[in-house]
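S.K.: One letter stands for each residue in the lines below.
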Amino acid sequence: MPVKVVEEWLNSCSGCEISILNLGDTLLDLLPELNFVHIPVLIDHKYYGQTGESDVIEIPEADIGIVSGGVRNEEHKHVLEETRKKTKILIALGSCAAHGGIPAQANMYTNKDIFEKLFRGSPSTDPASDPNHPNVPQWLDSCLALDEVVEVDVTIPGCPPHPDWIAEALTALLEGKTSWSLPERSVCDTCPVIREKKSAAGPVRRCFENLEFNPEEGLDKMRCINEQGFLCLGPVTLAGCAGKEGVPRCIQARTPCRGCFGPIRKGARPMVDMMGAMSSVGLDPKTVVDRRAIMNRYIGGHGNLRPLPARPARK
Amino acid sequence: MEKEFEPKIVAFCCNWCSYLAADSAGMARNQYPSNVHIIRCMCSGMVHPNFVIDALTKGLADGVMVCGCHPGDCHYQDGNKRAESRSEAIFLMLEDFGLEQERFRLEWISASEGQKFAGVSGEMTQTLKELGPNFYKS
Amino acid sequence: MKGSVLVVGAGPAGMRASSELANQGFSVFLVEEKPTIGGKMAQIDKMFPSNECSSCTILPRMLEIVNDPNINIIAFAEVLSIAGKPGDFKVKVLKKPRYVDPMRCNACTDCFPVCPVGGVPMEYNLGRGASKAISFYSPFPPRKALIHPEKCTYLLSGECGDQEQPPCVQACERRAIDFSQKPVTGELHVGAVIIATGSDELHTDPLAEYGYGKMPNVLTALEYERLLSGMGPSGGVVKRDDGTAPQTVAWYVMDSASPIGFMTAVTEAMGTAEKNSNASVRVLHENTNISRETYSDFIQKAQEANVKIVPVDAVAATEGTDGNINISYQTAGRENQLADVNMFVLVPPLAPSESAQKLAQNIDVQLNPWGFFDKQSGDTHPIHTSREGIFVCGSALEPKGIDDAAIQACAAASHAAALLSEARGTVLAPQPEKKYLPITSEDEPSIAALICKCGPNIGGLLDINELAEYTASLPYVKQVEVAPFGCGGGEIREMLRRKGFNRVLVGGCSPKTHEEVFAMYAEGGGINRYLMEIVNLRNHCTWVHSTDPKAATEKAKTLMRMGARRVALQEPLEDIHIPVSPAALVIGGTPSGVACALKLAQADLQVYLVEKESDLSVVKANQSTFVGRLIDALAKLENARIFTGSELGAVQGYLGNFNAEIITSAGKEKVDIGSIVIATDQNIATPSDNGDYEAQLFLQRSANNFFVGMLGNLNPLDFNTAGVFKCGPARMEMGVLDAIMDGEGAASRIAGIISKTEMVKSPIISIVVDEKCDGCAYCIEPCPARAVTLIEYMHNDGTKKKTVEVNDAVCLGCGSCMATCPKDAVYIQNFKPEQIMEMVQSVSEEA
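Those protein sequences? They're chains A, B and C, same order as listed.
Heads up: the first sequence at position 304 corresponds to 304 in the numbering used here, and the numbers run straight through without jumps.
Heads up: the second sequence at position 111 corresponds to 426 in the numbering used here, and the numbers run straight through without jumps.
Heads up: the third sequence at position 501 corresponds to 954 in the numbering used here, and the numbers run straight through without jumps.
Just chain A, same shape as in the assembly:
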């Protein structure tokens, strides 16, 4: 008998859902075993009855819940909590669900500041008051990862998450397992570039400077991007962006890892680890431009990004 699946998207761009579709042939193999009982991205299903007749949110019961996107407003929170109630196993799909994702960059600012900028502060905007229609859901104080709101059983990070992992996780759950996780390795694990030692001194080079490499040659002939003095988040980022096999995607494009898979293990702090490692080998930590945002690009949840309190300058 196929297992029932609920798929929800919260503060999401639908990239994660496209990743599910990108399973391709594998999806066709899996589909007979999956019964999507609720998947708003594909099939219309109203929360309060087809005509809005109910005043209680209704999400069908299911064995597996897949949720993409972070939790930005009261609606997201409500839907997530309901999904959790109705599902036995909850999968956080994609970096927004896992760590807050790109939208959680907003966590560096207060809602007040954001609204001020959005509706009045920007030079190209005609000033208007904050929206306060009762049907527009209220923002939460910050953009949260799912596990900051409910318990999550399986996390598949990535922006987007790689179809290999979606298939592997679903297969594991179909086999009766109750949890699954990616191996705790960093992006360096599958990165083929030449490494010797990190001894670059001086300022960190900006991404618009050119990497040195010969386009005629493979990646295994290119020197490590960190060792060329650039900031590459590979050493502090969970491996897997290229799926089960293959070279990390940004490295394939000869560009530094941006950290989309988030920390290697729960609780690790990529910014602290990276700043520590770079300063240890003599790179000037002050020269990382827009440090907080860059180092926490996909992981603004879990308190990694928060508005800075106003403080008197150092004496």
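Using 27 Å as the maximum straight-line C-alpha spacing, the simulated DSSO-like pairs for lysine-lysine come out as follows:
#1 197/A to 1254/C
#2 1253/C to 244/A
#3 266/A to 1255/C
Keep in mind the hints are simulated off the structure, nothing from the lab.
Keep in mind the model is a prediction, meaning the values are calculated, not measured.
Dock chains B and C against the given chain A, drawing on the hints supplied.
M.R.: Chains B and C in isolation, oriented as in the chain A frame:
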């Protein structure tokens, strides 16, 4: 009456200079506030920025000190220099985590400078008392 | 032939000679006339030319010596006579009475406050500061109390206090005070003798001409060192006797023959400027020319730090107002200068230490006209005295810097080792057999805790019952005992006899002083020493929070909690044994290289010498007959193989286990060696087609093309690459005799490695976590020992992966890799991040 705020301070002291400085402070009976708790490390260059940031952002301490040998005196040649480079990163990150710069301090204290160890401990305690509790504690 | 050596004088040279010899398998008696060791090095603040803290550098070495079972320190003693012949000397030693039994005294200091006689000027501080009639001589080992016979009321009059026993005897729980002590004479049986009695300031009439002894703020350089030192009478704050801080200080260097006085003055002036940036400091000297590069660089640095160097002749000093001194001097430009200074420091010439003459008479050894142990007879070896089998090193031979003294001490050690080679290893202390309980890191911790009251030092301030009760409530703590003096060992032995424990937690004094003692007790009870933790309740709590018993008790609880958490996560560790190739490679047939090879071969060790010239006689021709004799002696020794007309090919390996290709006219030969010394005179790097050993061994050169190595005055011959040394003209310009001593010094460093079949080192080293490391290579550059290498391996899934590997033999355990690793993949044994964070966590909790 409300009890005066007593900051909790962690001091990472290297095995070869600063830990001995704290021992010397004892021998000379140089008094300092009981807020400072020493953790012996082999070298100041052993202290991962994570230890400092975690101590502060998990609300475990109100302030952290890393104490090593004076430049040129490091038992391992340049461990203290590495500690200094990392401390630059730590100061930057204190900002990122919304923490006051005064909550972290890097000091070179030689084995004979018991008085300096006591002095620095006293200053750090006083500074943190004025600053109040680490807001991550709440 | 006896495999033991007597070393007279425990300053930097004597200490170094002792540890070098112990390292080569000889047993050492280290006799020191003062009650504590360290010599002048323990009295000065900073050393030239490294400007490093002197006590920081010497203290770890002292602790090494104190804990070395093959070095027997006999402090507060003098040598009365030496009879016999080389290899078989009988030495009479007089031990002076301390009136305190050192076996019983545990340095608790209870007797100090009760002693009614105060204001005793401290000899160690050259009369500044005051102590009781019973006190420590200095802060350094051996830390045993001492009674001043000329000040002690009881010794002078037979009575003290109004009770039957003097107050100190009553205060001493360990019954260590023994007024019946008399001088005791003992006999030692040794194979060789090394004299390292050092030098001292020459206090003669000219000092008085400049106001010394008449004006209060005229000091000698050594007295000024005590004011600069953090362990000195003013805690490192330079003050005049009236308590004011001097703003203008002048030094007058009275010895123009030796650079030592000048360098001392510059170091002190720089130290003063570092402490007080407003201070005006100047050094007056008749001969400001310094040829030695490291010294002149240091002087330049001092000048950049606002130290004024003034070449002068004719200096005079008269008393000014407010304790100031009016000095007048003629500069080299013949101008008369007047200055009003707050302090005037005289740097007298250095003379042999006071006891040298008596010692020389006692043991029938000649002195030169200035009283140094130097024969001044051209073609004999400076290290030899007039009596065979008795050697000399350090400032006892001639005033010198600590770096040179360290080299000579090594050279003297290699002379003694060559003389006694057949008796090496015959009189070593037996290694105690270790029988451990079968404890693994998986076993649930079961902690035996001991709280030491250290008399009133801890017990007098803390609420011990409360602390003991609290400690008993900590996780895994199975039993808590309170001891009046835990270091006696009774309580801990008794507790461990009851079995069932696998961890030991001691709340007491500093692990820096008592780790060895408690490790011994723990191991006696079958518990690995690395499963023990000492919580420093005394130095870090009671002694420094003595006005607030309540707060101190709370802190003590926190410290015990931290210790309990840490020890619960500790793992049993075994020393690391690394096999050693028992041979050495000497690169360069210079006088240094030849001298080094000769001393190694004479010490019965295999040595290979590689020289590019076709014949060592080419070297010989350019040198003195002295060098010629060395070359002839070397040629006769079978265990020295000389490769002339040869050069070095590829060199690989690490400390104890190098291998090298030697390319001769006949072809290539491969040799396995444990250690390498660079004794070339080429001051340009010349990688040959066959290999580039400088790059392969990570050797570095200065801007002037001399080899540079480890920082610090005590390591002049060491490279940062462990097991590789430098000597002679490869490291700086020097005369031929100095070059020979350099080579012999290097021989001692090498013999310390290759005279053993294996090296034993501490297991506190770095461990790579395979599951976490993926070879990002961040940790490679920060490793000061170059112990970390990046390797590729084939994963079982068939893909090529990277990881790092740590070489146990060279890892120093400093933890730089751990602090660098961005993925938590490397840690130092027993300093795991989780252990450290557990301790931090403990700080945050309340009892």
